[in-house]
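Student: Chain residues, written in single-letter form:
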Amino acid sequence: MRTATLYIPGDFEDAYLYMGWLVAITSERSFRFYDLDDIVAEICKQVPSSAYIAELIFRHNEWLTSAQFVSLTRTGSAVQEIVSQFNLFPKPHFQIPSEVGFKEHDVRIDTNVVLDYFIYNRQIYVGSKGGLFSALVDWDEDVPSLPARFHKRFDARCINLTGRFGAVVASCGDDGLFWSAEDAYRDLEPENNQWEVAEDKSVRARWLSNGIINYKTAIDPNLLGIRKTRSREPLADDQDDQGNLVVAAIGEERTPLQQLLMSEIRSHTPDVFDADLIQYIFNSDKVVFIFTFDGHFFALDMKARKVGPPQLRFNHTYKGADTRILSAAATKLGVVLETDHRVWHFANGEWTRVLDSRAISVRTFPNAKNSHNIISVTTEDGVYLVGLFDDTRRLVTM
Amino acid sequence: MGGYTVVIDGLLFAGNASGKTYISLYAHRGSGSPRYKSKWCQAFGPANEHALFCVADASVWQDAAGHFWAVHNSGSTIIGERGEILCKFPANGNPSVPWHGYPVSPASERDNDCPPDDFVEGWRQSGVVDKTLARRIQKRKI
Chain A
185 MRTATLYIPG DFEDAYLYMG WLVAITSERS FRFYDLDDIV AEICKQVPSS AYIAELIFRH
245 NEWLTSAQFV SLTRTGSAVQ EIVSQFNLFP KPHFQIPSEV GFKEHDVRID TNVVLDYFIY
305 NRQIYVGSKG GLFSALVDWD EDVPSLPARF HKRFDARCIN LTGRFGAVVA SCGDDGLFWS
365 AEDAYRDLEP ENNQWEVAED KSVRARWLSN GIINYKTAID PNLLGIRKTR SREPLADDQD
425 DQGNLVVAAI GEERTPLQQL LMSEIRSHTP DVFDADLIQY IFNSDKVVFI FTFDGHFFAL
485 DMKARKVGPP QLRFNHTYKG ADTRILSAAA TKLGVVLETD HRVWHFANGE WTRVLDSRAI
545 SVRTFPNAKN SHNIISVTTE DGVYLVGLFD DTRRLVTM
Chain B
7 MGGYTVVIDG LLFAGNASGK TYISLYAHRG SGSPRYKSKW CQAFGPANEH ALFCVADASV
67 WQDAAGHFWA VHNSGSTIIG ERGEILCKFP ANGNPSVPWH GYPVSPASER DNDCPPDDFV
127 EGWRQSGVVD KTLARRIQKR KI
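Order-wise, the sequence lines are chains A and B.
Our numbering numbers the first residue of the first sequence as 185 and each following residue consecutively.
Our numbering numbers the first residue of the second sequence as 7 and each following residue consecutively.
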């Protein structure tokens with residue numbers, strides 16, 4: 185795996201990539217919009233030898249997964265050429281100079297603790313101790329503009345957010361898992377909020393290709409079925425070959441997964457697996473990962489079915505990191521793991537060090553058009569954007 | 007901090023500077039009780055546990071509900087056998103009953119075994135924990 189890293193110094197809480205913009209929340213809870221085009225232009229100006237990688241990774245990341253690019257990089261010599269370009273990129277990172285401008289929106293949110301942050305369907309969502317806030321952003325202007333204030337959507341403490349198929353799903357600890365069909369969200373008046381509770385407890389939720397897994401604790405996942413319907417109008421995100429399908433219901437069917445996962449693993453690795461030592465469970469669209477305190481991790485392919493328990497297939501056992509997993513997120517090429525002191529990427533048994541620093545927030549954007557293989561890491565020193573390139577050309581989408 | 011007396015449930019420490027007695031419960035150590043999954047790690051012995059309680063008491067690391075919370079060495083020391091770095095000493099309204107405590111992991115517990123956000127924010131502002139650890143606690147990552 186090859187990486188190229190950009191670094192933006194500053195005092196931030198979190199950072200998100202959306203529609204060619206890096207949108208960072210400062211510790212004062214203002215929003216800074218950095219245009220990736222400006223950043224790439226600055227790299228090209230300062231380090232012309234890095235122009236190729238800057239364009240490929242940070243402006244046209246979608247090229248990496250295009251059929252043409254995959255075809256052109258089938259030969260070892262083609263891959264070697266790209267690797268040699270990576271070697272020209274500044275190490276350990278290119279620091280974005282202060283001359284690169286940004287637009288700052290001083291739209292304060294009525295909270296002093298930002299717990300999660302999410303941009304979906306043109307809206308910015310902020311989960312906080314005081315509830316969930318959202319604002320509709322006008323992305324069509326030269327510089328995106330925010331309304332004068334964020335709207336409070338509900339009061340429950342919101343620690344994790346995710347969205348797909350027109351729905352936003354909010355994990356609110358002991359208050360439960362909330363969801364709302366945001367495609368139908370026409371105005372921002374509080375009385376029109378339609379939030380439903382899908383489960384009574386949630387610390388996070390992650391989508392499968394046809395379902396969503398709610399984690400009641402770090403190690404207690406339930407698979408919730410989703411029912412979809414056709415949207416009245418196109419979604420800003422999630423344009424896929426299924427058309428504009430949106431969520432109509434979540435959790436009409438639910439399957440506790442812990443015992444199913446345990447028995448599947450035990451049947452393949454009875455000597456290695458100790459269920460009492462499970463530390464963290466996480467899923468991507470197709471794979472469930474289970475990490476243990478004694479440094480193992482197990483991968484199971486999983487497919488939700490329309491009716492009945494999911495289809496599970498033991499995939500692999502790996503030697504894991506000798507440290508706790510604090511968070512995990514999927515990229516097109518594997519998974520990114522936040523541990524106590526650094527951030528790792530893992531794919532096909534290979535660990536790649538993404539950042540030697542303690543993270544406040546780690547984000548990936550596997551379903552975003554222009555940032556499939558970019559990781560955003562927010563630390564106390566600033567924001568790092570890490571672009572990935574699979575120089576083995578053997579990895580499959582996870 | 008004084009010495010301790012062996013009692014049926016654990017090691018009972020005499021009153022500290024503010025007069026609070028403390029018991030290091032067997033239930034939260036070693037094979038302990040199956041009811042309690044959180045246990046102090048072996049390297050962090052009963053004397054350390056009691057000393058940490060006294061630090062929390064002297065520093066008034068107490069939330070509005072009366073619970074004390076603590077970290078050791080700004081959270082860089084593992085105190086629980088599952089890698090926990092944070093502990094809770096549940097509110098005790100009866101002075102004749104000794105205080106006790108146990109490691110907690112906000113990632114695995116119910117909300118009432120996690121310190122309140124404002125309390126953690128106070129810790130951050132007074133330098134007990136840094137911003138990264140404060141956010142990790144508040145986001146239920148550890």
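Some hints could be false.
Unchecked claim - Straight-line C-alpha distance at most 16 Å; calculated EDC-like pairs for lysine to aspartate or glutamate:
hint, chain 1, residue 1, chain 2, residue 2
1, B, K137, A, E564
2, A, K287, A, D322
3, B, K137, A, D322
4, A, K313, B, D123
5, A, K313, B, D124
6, B, K137, A, D195
7, B, K137, A, D565
8, B, K45, A, E212
9, B, K137, A, E197
10, A, K313, B, E127
11, A, K503, A, E564
12, A, K385, B, D117
13, B, K137, A, E212
14, B, K137, A, E380
I should point out that these hints are in silico values taken from the structure, not numbers from a laboratory.
Student: Confirm or reject each hint.
Tutor: Structure-based check of all given hints:
1. K137/B - E564/A: Holds. K137/B to E564/A sits at ~7 Å (cutoff 16 Å).
2. K287/A - D322/A: Holds, at about 14 Å.
3. K137/B - D322/A: Cα-Cα ~32 Å, so violated.
4. K313/A - D123/B: At roughly 7 Å apart (the allowed maximum being 16 Å), D123/B and K313/A satisfy the hint.
5. K313/A - D124/B: It holds: about 9 Å lies between the C-alpha atoms, which stays within 16 Å.
6. K137/B - D195/A: holds, 10 Å
7. K137/B - D565/A: holds, 11 Å
8. K45/B - E212/A: violated, 38 Å
9. K137/B - E197/A: holds, 9 Å
10. K313/A - E127/B: Holds, at roughly 11 Å.
11. K503/A - E564/A: Violated, at roughly 30 Å.
12. K385/A - D117/B: Between K385/A and D117/B the Cα gap is close to 10 Å, so the pair holds against 16 Å.
13. K137/B - E212/A: Holds, because 13 Å separates the two Cα atoms, which is no more than 16 Å.
14. K137/B - E380/A: violated, 33 Å
When each numbered hint is compared with the structure, violations occur for hints 3, 8, 11, 14.
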